[in-house]
Structures are given as C-alpha cells and as structure tokens.
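**Student:** Take a look at the letters that make up each chain.
There are 2 protein chains.
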Amino acid sequence: MRYFSGNLNEKHELILDEQELRHCLKVLRQKEGDKITVINGKGELWTAAITGQTRQNGRLEILDYKFEQDKTKSTLHLAIAPTKNADRIEWLLEKATELGLKKLSILYTNRTERKRIKINRLNMIAMSAIKQSRQVELPCIEEIEFDKLIGQANTGLKYIATCEWEYDKDDLQALDFKQSAMILVGPEGDFTSEELSKAIQSGYRPLSLGENRLRTETAGLLLAANYYMKNTLS
Amino acid sequence: MRYFSGNLNEKHELILDEQELRHCLKVLRQKEGDKITVINGKGELWTAAITGQTRQNGRLEILDYKFEQDKTKSTLHLAIAPTKNADRIEWLLEKATELGLKKLSILYTNRTERKRIKINRLNMIAMSAIKQSRQVELPCIEEIEFDKLIGQANTGLKYIATCEWEYDKDDLQALDFKQSAMILVGPEGDFTSEELSKAIQSGYRPLSLGENRLRTETAGLLLAANYYMKNTLS
Numbered sequence: 016m017r018y019f020s021g022n023l024n025e026k027h028e029l030i031l032d033e034q035e036l037r038h039c040l041k042v043l044r045q046k047e048g049d050k051i052t053v054i055n056g057k058g059e060l061w062t063a064a065i066t067g068q069t070r071q072n073g074r075l076e077i078l079d080y081k082f083e084q085d086k087t088k089s090t091l092h093l094a095i096a097p098t099k100n101a102d103r104i105e106w107l108l109e110k111a112t113e114l115g116l117k118k119l120s121i122l123y124t125n126r127t128e129r130k131r132i133k134i135n136r137l138n139m140i141a142m143s144a145i146k147q148s149r150q151v152e153l154p155c156i157e158e159i160e161f162d163k164l165i166g167q168a169n170t171g172l173k174y175i176a177t178c179e180w181e182y183d184k185d186d187l188q189a190l191d192f193k194q195s196a197m198i199l200v201g202p203e204g205d206f207t208s209e210e211l212s213k214a215i216q217s218g219y220r221p222l223s224l225g226e227n228r229l230r231t232e233t234a235g236l237l238l239a240a241n242y243y244m245k246n247t248l249s
Numbered sequence: 016m017r018y019f020s021g022n023l024n025e026k027h028e029l030i031l032d033e034q035e036l037r038h039c040l041k042v043l044r045q046k047e048g049d050k051i052t053v054i055n056g057k058g059e060l061w062t063a064a065i066t067g068q069t070r071q072n073g074r075l076e077i078l079d080y081k082f083e084q085d086k087t088k089s090t091l092h093l094a095i096a097p098t099k100n101a102d103r104i105e106w107l108l109e110k111a112t113e114l115g116l117k118k119l120s121i122l123y124t125n126r127t128e129r130k131r132i133k134i135n136r137l138n139m140i141a142m143s144a145i146k147q148s149r150q151v152e153l154p155c156i157e158e159i160e161f162d163k164l165i166g167q168a169n170t171g172l173k174y175i176a177t178c179e180w181e182y183d184k185d186d187l188q189a190l191d192f193k194q195s196a197m198i199l200v201g202p203e204g205d206f207t208s209e210e211l212s213k214a215i216q217s218g219y220r221p222l223s224l225g226e227n228r229l230r231t232e233t234a235g236l237l238l239a240a241n242y243y244m245k246n247t248l249s
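Line order of the protein sequences matches chains A and B.
Each number in the working numbering comes from the position in the first sequence (counting from 1) with 15 added on.
Each number in the working numbering comes from the position in the second sequence (counting from 1) with 15 added on.
Just so you know, the hints here were simulated from the structure itself, not pulled from any lab data.
There could be a bad hint or two in this list.
Remember, identical chains collapse to one label, so a pair may be satisfied in a single copy or spanning two.
To be verified - Below, computed lysine-lysine pairings styled on BS3-like, alpha-carbon distance capped at 30 Å:
| no. | residue 1 | residue 2 |
| --- | --- | --- |
| 1 | K57 | K184 |
| 2 | K26 | K213 |
| 3 | K133 | K99 |
| 4 | K99 | K81 |
| 5 | K193 | K173 |
| 6 | K50 | K133 |
| 7 | K86 | K117 |
| 8 | K99 | K41 |
| 9 | K81 | K245 |
| 10 | K213 | K46 |
| 11 | K193 | K57 |
Chain A with its partners taken away, still in its complex shape:
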C-alpha cells in the first residue's frame, strides 16, 4: 500500500495528514519501525519509517527517495460530459486513472444535464486509483465549458467522439495513441450538431466508435483501455 503526502517539514520529515495517518495506523495497522512508501502524485516517491512520533503528529522519517519518470510516450486527455448519475463518471475516472489517464476535463455541453460535479471527490478517487495501481502521477482534473475548451490551443491529435458520424474504420485505425491525443466524449443525447461543427472548425476530427451505441462512460473507458494497451505494447 502506498500513502500520499505533499508535505515535508523543515527537519526533512514527511508529514501524513489526518486521513492518511488514520488509514496507515488504524486500518492497515502499521507499527513503529514499519517502512512505508509515500508518493506526492508528481513522480516523487519516498521510503519512510514510522517512528514514535508518527501517532502524535504524522511525522515519518525518510529513509530513501527517488523520482520516477513517467514512462508513457504519449498522453491521453479525455474531455467528457458528466453523466446524469455521478457514479458513472466517478467509476470512469477510477478505471481510466488505473489505466494511466493523464488529464480529465469535465465538459459542460449544451445537452449536459448535470451542471456541477464534486472535483474534490474526483481528486480523492484518482489518488486512491494511482496508489492502488502503483503509479506515481496524479491526473489533472478540471471542469470546463465546451466553447472554452475547443477555443484552447492544443498540440497533438484532437478528436470528437460522436454517434452522429458514420463509422469509418480508417478514422478509428488512425487513433493509434502514438501521439498524444485529446478526445471529447458527449453526454447522453450526444453533442449538438452546432457543437460538432464548431469542434470540426477548431481542428477536431469526428470519430465514430463503431456500431454499438456506447454510453458516455463506456466510450471513455474504451478509449482509456486502448490507450493503455498501446502504451504498454509500445
């Protein structure tokens, strides 16, 4: 099990916050002298020891440090409309994070019914998923309006997944994740035709994900899973 801490004090000790400390001492019953692994979600990784002080103030003694460079050659940025039922988008985030997603934009579109999402809760889920899957980097999570997002300059491939586009094998084949890619996925009811036009004008390629009509979160998962496999095999 890995623990999260972003804090080093002036004595060069790592500090676990209350929640991580409880998890460490109460749930996983770590004892004085045990060695644990601590990450900060930005690639830094410490081996640290629980000392006599840990129970009082969360301080850990650092035994070893390394910086793990992220090995993926390309990145996936999903911009996805939040589902009516928040569970579905949370589940997607957990799975996509396990599979190495680097950025999630919660995308507010014309037909998006849900107009708010708990970003703090999403960050907690992502944190738990990187600890569980033994990664070192937290994905970046943001909320953004459709018009604002497509107005931004983005390097790499840009796609908009939609059921309104006729399936073309070559389009889907071209999405080989050898380059970093940003992919928009719409809400229940899809993007409006106006949004689709705007995206195309902004350089996004329309993409059909095949003949099965996939739910929003399933489309996101399909992309994340294929991204992971391509990166693992590259």
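Since chain A is already given, all that's left is putting chain B on it; use the hints.
**Tutor:** Same frame as chain A, now just chain B:
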C-alpha cells in the same frame, strides 16, 4: 429503445411481460399505434405495434421480423472471480456487454471471498446493456468452480491473467483477438500459485497485463475494450 420478449403466442403475437410492459407504457409512455422494436436476445428482432389490447395483456402486433447475424468474427469469454463488492462485477458486466462480450463465467477460486452472486440480477443488467447498445445477442452468464472450468475442453486461445507473471510484450501482443479467446481473471489477491500451475498444465498461457496493478474488474474491462476495438477494426 428496444424491448425484450421471448414469447410468441399461438396467434403469432408477441407478449411483453409485466416489467417490460410497465417500462413501455408508463416510463416511456408509448401509445396505441406506436411501433417498437422487440428482441429475444438470440438474434431475432421484431418491429411490432402497440394495439388496444397491449395495456391489458401485453400483446403486440408483429409488423416485421428479421434475424440479425452476429457480425463478430471471434468471441471473448471472460472467466472472472467475483469482487468482494458486488457492484464492481456488475459494472464490469454492464460495460463488457456493451462492448460485445459473449460469455461471462463467475469464477470461484481459492482466494475468492464472495461465494455467491445473484445471477438473475446479472442477467437483467446484461439485457439492459444489449438493449442500450443496440445489440441482438445476450451474453451467456454462468457460475463455475475454478477446477471444473479448467478441466473443460475449450477451442481457441486460453489465457490466465496474473500479476505473478513477468510482463512480456510478446505475450500480450499475441492476444490479438483474431481467434476466439477465453481469459481467466483472478480475485483481489490473485490466483494461488497452485491454480496458476494447474491452468498452465491445462493449456492456459499466463499473461501479465503490464506494469500497472489493475483491479480485477479493470483487468476484465481492459480485455473487453481491446476485444471490441479489434473486432470493430477487423
């Protein structure tokens, strides 16, 4: 929206059961004269009309019939240990079904904590997923003990996914879904080394899914998503 019915009466009318009827008339507010699509989960597909009798006894008038041949060239059979939290396996089933899974075996292994699962509930989830994703064939769902499953003769490729096997790109690359494949996925805590040996003796190839430590249901999803993409692109 599609409806499910396995029943044709002697007058060659389709009969919706109580639950489907309620969904049709109360939730989706279909009216007399509306045309609806009915599937039986085995490739048969009817266009049928709601008549004056439908509200009383669920009878529909058949207007058109076709048999949709499943277009996938190979099939995926996942045999997966049930997760401690049943939600996770239900979610996996829903997503994998949307992505065209053909068979799910709920696999009871040595380290499986959950010893029962509600198969009826899984069948309902699968039904809803094929309706939603516009497919025609229900996946087959069963419960089975590990020893019994690996004792069965199976054609096609056979894999056992495990964290205990060193990752080898060539192994994973070989899993191209051009042939039908059956893949075993273990519980939290993985297969025992005895189970792994038995599977290898029975002709299963061990397979590591890369460096991220994936949860049981995430491993299943990764496989289903890659199966769908390969089938869609083939």
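**Student:** Each hint: holds or not?
**Tutor:** Structure-based check of all given hints:
no.	hint	result
1	K57 with K184	between (37 Å within a copy, 27 Å between copies)
2	K26 with K213	neither (54 Å within a copy, 53 Å between copies)
3	K133 with K99	both (13 Å within a copy, 26 Å between copies)
4	K99 with K81	neither (41 Å within a copy, 34 Å between copies)
5	K193 with K173	both (13 Å within a copy, 29 Å between copies)
6	K50 with K133	neither (34 Å within a copy, 41 Å between copies)
7	K86 with K117	within (12 Å within a copy, 34 Å between copies)
8	K99 with K41	between (36 Å within a copy, 21 Å between copies)
9	K81 with K245	within (27 Å within a copy, 38 Å between copies)
10	K213 with K46	neither (58 Å within a copy, 38 Å between copies)
11	K193 with K57	within (23 Å within a copy, 39 Å between copies)
Violated hints for the displayed structure, listed by number in ascending order: 2, 4, 6, 10.
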